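Going by the UniProt record's numbering, the first residue of the sequence shown is number 1, and it counts up by one from there.
Calculated directly from the structure, the hints in this document are not laboratory data.
Owing to the predicted nature of the structure, the values given are computational and were not obtained by experimental measurement.
Any given hint could be a false lead.
What the hints assert, rightly or not - In silico lysine-lysine, DSS-like type, Cα no more than 27 Å apart, as pairs:
1. 366 / 194
2. 326 / 279
3. 366 / 326
4. 196 / 366
5. 194 / 326
6. 196 / 279
7. 401 / 279
8. 217 / 326
9. 340 / 279
10. 326 / 196
Claimed, not checked - Across the chosen pairs, the derived CB separations fall in these ranges:
11. 324 / 243: 33 to 41 Å
12. 340 / 243: 41 to 49 Å
13. 374 / 310: 20 to 28 Å
14. 314 / 204: 23 to 31 Å
15. 243 / 279: 20 to 28 Å
16. 312 / 132: 49 to 57 Å
All C-beta atoms in this analysis are idealised placements derived from N, C-alpha and C, irrespective of residue type, glycine included.
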Amino acid sequence: MNTLQGLSSALDETVAQTPEGRSSDSAIILPSRLLKTAQPNYLYVSPLNRQWDEYEEDEKDELDCMSGGDPPQTPIKSSSSSILRSPGKTPASLSKTLRESPLKGSGIVNNLWDPDEDEFPNWPGNEELDQVLDTYRSRYGTAKHTRPRGILETAPPTDGATTARGTESTSLEPCHYTKEVTEEELLDMASELKDKSCGNPLGTDLHDEVMEQFFSKRCPALPASFPARHMHLLEWQALLSSSDQTTQLASPRLCDAVATILHETHPRCLSDFLDPNVKVFEWRRNVHRIVIRRVGNAVLVGTYRDLGFVYLWSSYVRSTIDFTGKWLQVYAGVTRGATKVLPTGPAWDEFEEVDPPSDIRPTDQKYALYVGRMVSRLLVEGRAWQNLGYPYTVEWEADGKVWNSRERDSQGLMDGADGDGD
1 MNTLQGLSSA
11 LDETVAQTPE
21 GRSSDSAIIL
31 PSRLLKTAQP
41 NYLYVSPLNR
51 QWDEYEEDEK
61 DELDCMSGGD
71 PPQTPIKSSS
81 SSILRSPGKT
91 PASLSKTLRE
101 SPLKGSGIVN
111 NLWDPDEDEF
121 PNWPGNEELD
131 QVLDTYRSRY
141 GTAKHTRPRG
151 ILETAPPTDG
161 ATTARGTEST
171 SLEPCHYTKE
181 VTEEELLDMA
191 SELKDKSCGN
201 PLGTDLHDEV
211 MEQFFSKRCP
221 ALPASFPARH
231 MHLLEWQALL
241 SSSDQTTQLA
251 SPRLCDAVAT
261 ILHETHPRCL
271 SDFLDPNVKV
281 FEWRRNVHRI
291 VIRRVGNAVL
301 VGTYRDLGFV
311 YLWSSYVRST
321 IDFTGKWLQV
331 YAGVTRGATK
341 VLPTGPAWDE
351 FEEVDPPSDI
361 RPTDQKYALY
371 VGRMVSRLLV
381 EGRAWQNLGY
391 PYTVEWEADG
401 KVWNSRERDS
411 QGLMDGADGD
421 GD
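Turn these sequences into a full structure, and let the hints steer you where they fit.
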């Protein structure tokens with residue numbers, strides 16, 4: 001007890017004699033002459049908590065050297081406890097740890113999540129980029145020296161068509177209707193083709209004038225020389241392959257699209273539609289459902305989903321055919337609509353619209369013409385007549401007799417050959 005009191009008095013005397021320039025946070029080393037009287041081990045006062053810590057016997061020489069004694073003659077051994085308590089220099093083990101630290105040379109990191117300067121790779125310079133590009137060229141070659149892409153070739157059409165989509169025979173030149181017009185006139189034509197109110201339900205308009213070049217002469221029953229509103233067979237390959245901007249904005253009438261779809265399905269299908277003795281004709285596809293239905297001189301064309309008890313229509317257009325063969329669109333769904341499915345079949349003439357706008361009337365003939373043309377373009381571009389196999393089924397029904405397009409093909413009745421179908 002007396003020994004500890006003597007050490008405390010010596011500590012106070014040493015602190016009082018501390019020079020003014022010395023930091024108060026530095027460690028206080030007691031002279032060895034005072035420590036020798038206390039105990040065999042040596043004591044060190046930490047500047048952090050002012051606690052008495054014991055040093056091991058092998059650190060005697062180090063403490064004597066710091067307090068002004070002779071330097072040690074042998075290497076100083078360090079213990080794990082002296083790593084954090086040795087004042088004035090960094091122990092060798094701690095220096096090794098700092099040398100291996102990823103934060104060496106980066107200064108003090110204020111935030112744990114702040115990235116170091118060399119944490120992310122630097123962007124390559126121009127020289128490195130040039131080297132990478134040269135390596136790529138030497139390995140893969142440039143665009144001019146790469147192997148050319150294969151081009152699919154198809155056989156020339158055997159049905160009288162002069163063009164085929166995807167072949168070299170397809171003409172991508174501007175249509176004759178726009179070859180000798182100015183740029184201002186082209187802009188006016190494009191504006192007119194986009195306008196819903198510029199169509200002529202009862203006569204010829206700009207759409208018809210652009211479509212005339214695609215009327216086919218393959219079907220004698222539908223002459224290409226007939227005026228607008230009559231059914232025409234389209235050279236759909238040339239129409240879809242044209243790069244002319246005006247042609248891409250123009251759309252065929254609904255009667256021309258119906259004629260093309262039915263003929264591409266099978267010539268007999270078009271014949272049944274045109275036969276005045278057939279009272280009810282219906283062409284349908286079961287996947288992405290489409291229907292073309294004629295009852296007398298009234299024609300319905302639309303796309304829908306079959307929910308069993310109701311048909312949900314995404315497009316719905318009704319037309320009439322006069323005694324001269326001219327079509328007139330009389331009704332077009334403004335929005336999506338529904339048709340109930342009764343025990344006797346769908347109520348085809350009923351169309352219940354969902355939240356229709358008040359500024360558009362479905363019986364507006366100009367609007368019905370516009371919707372009919374949009375549906376025509378959609379069906380022709382989608383090649384609605386293609387029978388892609390299961391689960392696709394394309395068939396038509398004429399007065400209760402059902403024909404499947406694939407079955408008719410297997411009977412060798414293509415190219416307009418007739419047959420009784422029994």
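> Does the structure break any of the earlier hints, and which numbers would those be?
Replying inline: Going through the list in order, the structure violates hints 6, 15 and respects the others.
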